[in-house]
Amino acid sequence: MTQLPQSTDRKMGLVIDLDTCVGCHACVISCKGWNTENYGAPLSDQDAYGANPSGTFLNRVHSYEVQPAEGHAQLIHFPKSCLHCEDAPCVTVCPTGASYKRVEDGIVLVNESDCIGCGLCAWSCPYGARELDMAEGVMKKCTLCVDRIYNENLPEVDRIPSCVRTCPAGARHFGDLGDPNSDVSKLVAEREGMDLMPEMGTKPVNKYLPPRPKDKIEDQIDILAPLLAPVAEEPKGFLGWLDKTLEKL
Amino acid sequence: MHPAPSVIIFTTFSGLGFGLLFFLGLGQPPVTGFVAFVFYAIAYALAVGGLLASTFHLGHPERAWKAFSQWKSSWLSREGVCAVAALIVMGLYALGAVFLQSHWSLLGWIGAILSLATVFTTSMIYTQLRTIPRWNMNLTPAVFLSFSLAGGALLSGAETLAPWLLAVAGAVQLAYWAKGDRALESSGTNLGTATGLGRRGAVRAFEPPHTGTNYLLREFVHVVGRKHAQKLRTISFILAFVLPLLLILTPVSGAVIKHIFALFAVLSHLTGVVISRWLFFAQAEHVVGLYYGKR
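If you read the sequences in order, they're chains A and B.
Each residue of the first sequence is one higher than the one before, counting from 240 in my numbering.
Each residue of the second sequence is one higher than the one before, counting from 56 in my numbering.
The set of hints was computed from the structure by calculation and includes no laboratory data.
These numbers come from a predicted model, not from an experiment.
In silico lysine-lysine, DSS-like type, Cα no more than 30 Å apart, as pairs:
1. A:271 x B:349
2. B:282 x B:234
3. B:127 x A:442
4. B:349 x A:442
5. A:442 x A:271
Quick partial rundown of chain B residues pointing at chain A, CB under 7 Å, derived from the structure:
6. 113
7. 127
8. 184
9. 248
10. 342
Every residue gets a Cβ at the ideal spot worked out from N, C-alpha and C, and that includes glycine.
Could you build all of it, start to finish, from the sequences and the hints given here?
Here it is, written out as structure tokens:
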């Protein structure tokens with residue numbers, strides 16, 4: 240049913256550390272790999288080796304430049320996938336009941352055999368988390384690797400989403416954000432984790448940890464610096480004459 | 056938003072068709088027999104043709120019947136239910152008018168209300184989307200309803216009502232454009248809130264996730280056609296409202312000339328509404344474009 244549950248037993252989700260992400264796109268590749276070979280329709284590519292390749296991805300990494308009022312600009316890599324919103328608009332707009340939010344863990348999923356590929360759920364998502372697969376004609380989205388996290392055929396260390404398992408920088412964390420004592424909840428509290436587009440009223444479960452403030456370079460870091468300071472601010476002698484003469488020209 | 060021909064044809068033609076069914080349900084014009092058959096044939100061709108066109112953009116049209124199930128939460132589902140209910144009720148009413156020369160007015164009223172409800176539910180599919188500020192306004196249902204009523208009045212030959220309804224629809228259209236142009240900015244959503252980084256400084260999209268395009272950009276970021284938007288608005292307004300008003304208000308003698316004028320008024324209105332509907336999609340900015348530094 241596409242009515243949202245009143246509440247979910249757990250709120251499984253991701254915490255993404257924008258301070259640590261190095262923008263390597265390994266999570267994008269591992270996500271594509273796992274979700275092409277496992278649950279549901281594969282993530283297809285069109286014209287993969289041609290002039291205009293495109294394809295279905297459940298996770299994409301953007302890069303943004305932030306220019307503060309003072310100081311240097313900062314480059315921030317920004318992975319983005321389904322935020323498994325508590326008030327997910329993509330679920331309620333679905334006309335067939337294909338889109339649903341699980342009561343037991345809050346994961347938002349698509350039942351592909353009910354999906355008519357109308358695209359309305361993708362229209363309703365502010366985050367661009369859903370993509371219609373061009374080969375299969377059904378909506379694809381992050382499943383939070385529902386086929387890994389409960390999979391007892393996998394070693395315990397692998398029972399986390401593929402993107403989290405792959406991240407070489409440790410920028411992605413997985414856990415129950417509904418439990419205030421979970422590691423991810425503590426991390427969010429400590430680092431002031433934030434929602435994307437809170438004004439949309441979607442109440443995302445996934446949180447983003449803002450970049451830490453950059454270290455400030457003190458005025459003087461080198462004890463030899465005073466000795467190397469320019470002796471004269473204004474040029475004198477030959478250079479002074481040259482400067483004045485060129486000014487006059 | 057990508058202005059897909061299927062949705063433009065669907066909203067324009069079914070809007071006009073259900074507008075005509077609304078007036079027929081109220082007994083305007085009070086036709087029976089073969090003339091009634093022609094009126095209902097036009098109304099059903101428009102309404103059903105539009106609905107069929109809407110299935111063309113589906114990934115799996117063969118499963119479309121499943122869309123009737125989620126009326127409790129989904130406006131798209133409600134629209135499907137309303138449309139089928141309106142077509143069945145008006146079909147029964149049409150049987151009475153065409154074959155039994157009788158107007159079952161209670162059935163007609165129910166059919167008329169269901170027809171208008173179908174247009175309203177169609178508009179709510181777009182209005183409900185907070186992700187598209189230009190659609191997320193009270194004026195969106197007003198546009199769909201007033202256009203449908205004006206078109207229906209024009210097609211049904213409601214001579215006294217049609218000019219007024221055309222004028223109202225024209226005014227709603229102007230208000231929609233004026234308010235819509237400020238909608239994205241006044242929504243408060245920008246790249247700063249999208250990334251959560253806005254408090255730290257000015258955010259700029261530095262590098263997209265892929266060098267190529269993707270489904271999101273094709274579906275939600277359509278900027279090509281916006282270049283001529285202002286000119287198209289003028290053309291659309293003249294064709295949809297000004298010209299039909301002039302044509303039906305011009306005093307002419309003779310039934311043939313009058314019908315020819317009415318035909319041109321309908322065709323002009325329809326063309327204008329198609330252009331307006333194209334702009335409705337092409338000019339709509341989805342907030343996901345912000346992530347790509349676009350709008």
